[in-house]
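If you want the building blocks of each chain, they are given just below.
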Amino acid sequence: MISKSSRPMIREDLQQSDLKDGCVLYDQIREKAYTLNITASLIWSYLDGAISLEEIARELASVSGCDTDTVLRDIVETVTFFRENGLLEQGAV
Amino acid sequence: MFRRYCQIHSFRFSISTHCKQLEPGLALLYPALSTTSRKYCAEWSIESKYSGKTGAHAYVCYENGGLIYDTQIVDDALDYLEWRITTRILQELSHFVQIHAAGLVSGGKALLLVGPPGSGKSSLAVCLLRQGWKCLSDEVILIDSASGTAWPFLRSFRVDSKAMEAFPEFFVKQSGPAYCDSKGKIRLDPSLVLRDWVAQPSQPRWIIFPGYQPGHRGELEPLGETEAFHLMMSQAINLAEHGKRGMDTLISLVRRFQCFRLNTGDLHTATSLLEGLTEQMQKSIYRSGQTSGGGFIGGGVPTTVAGGRHE
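Quick mapping for you: the protein sequence lines, in order, are chains A and B. Using my numbering, the first residue of the first sequence is number 18, and each one after it goes up by one. Using my numbering, the first residue of the second sequence is number 18, and each one after it goes up by one.
None of these hints come from the bench; they were simulated from the model. Note that CB positions come from ideal geometry on N, CA and C, so glycine has one too. Worth double-checking, as some hints may not be accurate.
List of simulated lysine to aspartate or glutamate pairs, EDC-like, C-alpha gap at most 16 Å [unchecked claim]:
hint: 1; chain 1: A; residue 1: K21; chain 2: A; residue 2: D91
hint: 2; chain 1: B; residue 1: K261; chain 2: B; residue 2: D161
hint: 3; chain 1: A; residue 1: K49; chain 2: B; residue 2: D161
hint: 4; chain 1: B; residue 1: K179; chain 2: B; residue 2: D283
hint: 5; chain 1: B; residue 1: K200; chain 2: B; residue 2: D93
hint: 6; chain 1: B; residue 1: K37; chain 2: B; residue 2: E80
hint: 7; chain 1: A; residue 1: K37; chain 2: B; residue 2: D283
hint: 8; chain 1: B; residue 1: K37; chain 2: B; residue 2: D92
hint: 9; chain 1: B; residue 1: K261; chain 2: A; residue 2: D35
hint: 10; chain 1: B; residue 1: K179; chain 2: B; residue 2: D198
hint: 11; chain 1: B; residue 1: K200; chain 2: B; residue 2: D283
hint: 12; chain 1: A; residue 1: K21; chain 2: A; residue 2: D84
hint: 13; chain 1: B; residue 1: K261; chain 2: A; residue 2: D86
hint: 14; chain 1: B; residue 1: K200; chain 2: B; residue 2: E236
hint: 15; chain 1: B; residue 1: K126; chain 2: B; residue 2: E292
hint: 16; chain 1: B; residue 1: K200; chain 2: B; residue 2: E186
hint: 17; chain 1: B; residue 1: K261; chain 2: A; residue 2: D91
hint: 18; chain 1: A; residue 1: K21; chain 2: A; residue 2: D86
hint: 19; chain 1: A; residue 1: K49; chain 2: A; residue 2: D84
hint: 20; chain 1: B; residue 1: K261; chain 2: A; residue 2: D84
hint: 21; chain 1: A; residue 1: K49; chain 2: B; residue 2: E258
hint: 22; chain 1: B; residue 1: K66; chain 2: B; residue 2: E40
hint: 23; chain 1: A; residue 1: K37; chain 2: B; residue 2: E296
hint: 24; chain 1: A; residue 1: K21; chain 2: A; residue 2: D65
Listed below are several chain A residues computed to face chain B (Cβ distance under 10 Å; list not exhaustive) [unchecked claim]:
hint: 25; residue: E48
hint: 26; residue: S62
hint: 27; residue: R75
hint: 28; residue: S79
Take the sequences, apply the hints, and build the full model.
Listed below in structure tokens is the structure:
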């Protein structure tokens, strides 16, 4: 279960190619690719296992001027997508 | 007996029939792949058989002498045969990254119309051929991963019969019955539109995603790299075989070339918008002093097309 205190970490074996307005992740094991838009790729860039989703939300809210709760909701939704697609390290959530 | 020897890259095959009635339809399948060499490594044929018992005709398809399909509907038989041959050709050419796209070439640069079957690629290809563009394919483009060059996959066009109403002159030129596939699309020999229609392998310059929107005034909407990549990936045929290298090929294409969604409700507007791209390129060449030879080399990329801005 993803919560605001979760500290997810991205899988290090995924290959990432940055684009101007997002990025592409390639999972060599499953032979699947994922495209992330600019918001999702920004969230992706924070997921180092050390920072909680709540802390990410506060930081992004201060930069964007959006409401922290709204930002947190978007982050949880996005990270849930990452987890459901096996893009995060097991047990790091 | 009708027999045609064909070659695409190193793959050689033959198609044949003893049935006079089937000759025009068979001749329409791959007119531009015809070769004089009689060597081949795969053979397809189609025959008409009459059953004395039922009094019905059957059309029977053979692959290397073995029966693979039979039907009482001639369009179905030709359709199946074409599908079988195309599938085999694509297997033989699997070293290319294959994309569902039409490819048209003007001034040595290719415009790729990327989209699923039925998105209007072939109709737009006919329009651009009429304007003097040459053609790589109306359905599948072969991309060389190493160079990014688009290679031709030549076959007869399959044009929506409704769209063909815009080109009545080609109905007249195409002798014999109007050969349709099982979805009602008309097979059209592109040489009827432009005699010398085959393009040489070319570097892409524009990637267009056609989106038919009835009543739309028409625009080329610039697309970001991520969305363009996503759309390209959804139309890739054999990406799984190429893995990361295939992904990198598509990434390179969307990074290097202008990508647009073509929103339009009619073919005439769409053609004008696409023609506008080459005019922009020619102006850029002129401005950067490259008035002859060599083609366009970066530097003067047009930033505005049909009111849109491509960053």
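Evaluated hints:
1. A:K21 <-> A:D91: With a Cα-Cα distance of about 11 Å, the restraint between K21 of chain A and D91 of chain A holds, given a limit of 16 Å.
2. B:K261 <-> B:D161: 14 Å, holds
3. A:K49 <-> B:D161: 21 Å, violated
4. B:K179 <-> B:D283: The hint holds at about 12 Å.
5. B:K200 <-> B:D93: Roughly 9 Å between the alpha carbons, so the hint for K200 of chain B and D93 of chain B holds.
6. B:K37 <-> B:E80: Given pair K37 of chain B, E80 of chain B is violated - Cα atoms ~19 Å apart, limit 16 Å.
7. A:K37 <-> B:D283: 32 Å, violated
8. B:K37 <-> B:D92: Cα-Cα ~15 Å, so holds.
9. B:K261 <-> A:D35: 14 Å, holds
10. B:K179 <-> B:D198: 14 Å, holds
11. B:K200 <-> B:D283: Cα-Cα ~22 Å, so violated.
12. A:K21 <-> A:D84: 15 Å, holds
13. B:K261 <-> A:D86: 37 Å, violated
14. B:K200 <-> B:E236: Measuring from Cα to Cα gives roughly 29 Å; hence the hint is violated.
15. B:K126 <-> B:E292: With a Cα-Cα distance of about 13 Å, the restraint between K126 of chain B and E292 of chain B holds, given a limit of 16 Å.
16. B:K200 <-> B:E186: Violated: K200 of chain B and E186 of chain B sit about 22 Å apart, past 16 Å.
17. B:K261 <-> A:D91: Between K261 of chain B and D91 of chain A the Cα gap is close to 29 Å, so the pair fails against 16 Å, i.e. violated.
18. A:K21 <-> A:D86: 10 Å, holds
19. A:K49 <-> A:D84: 34 Å, violated
20. B:K261 <-> A:D84: It is violated: about 39 Å lies between the C-alpha atoms, which goes past 16 Å.
21. A:K49 <-> B:E258: 11 Å, holds
22. B:K66 <-> B:E40: 15 Å, holds
23. A:K37 <-> B:E296: 27 Å, violated
24. A:K21 <-> A:D65: 15 Å, holds
25. E48: Hint on E48 of chain A: holds, closest Cβ of chain B at ~6 Å, below 10 Å.
26. S62: 15 Å, violated
27. R75: 26 Å, violated
28. S79: 25 Å, violated
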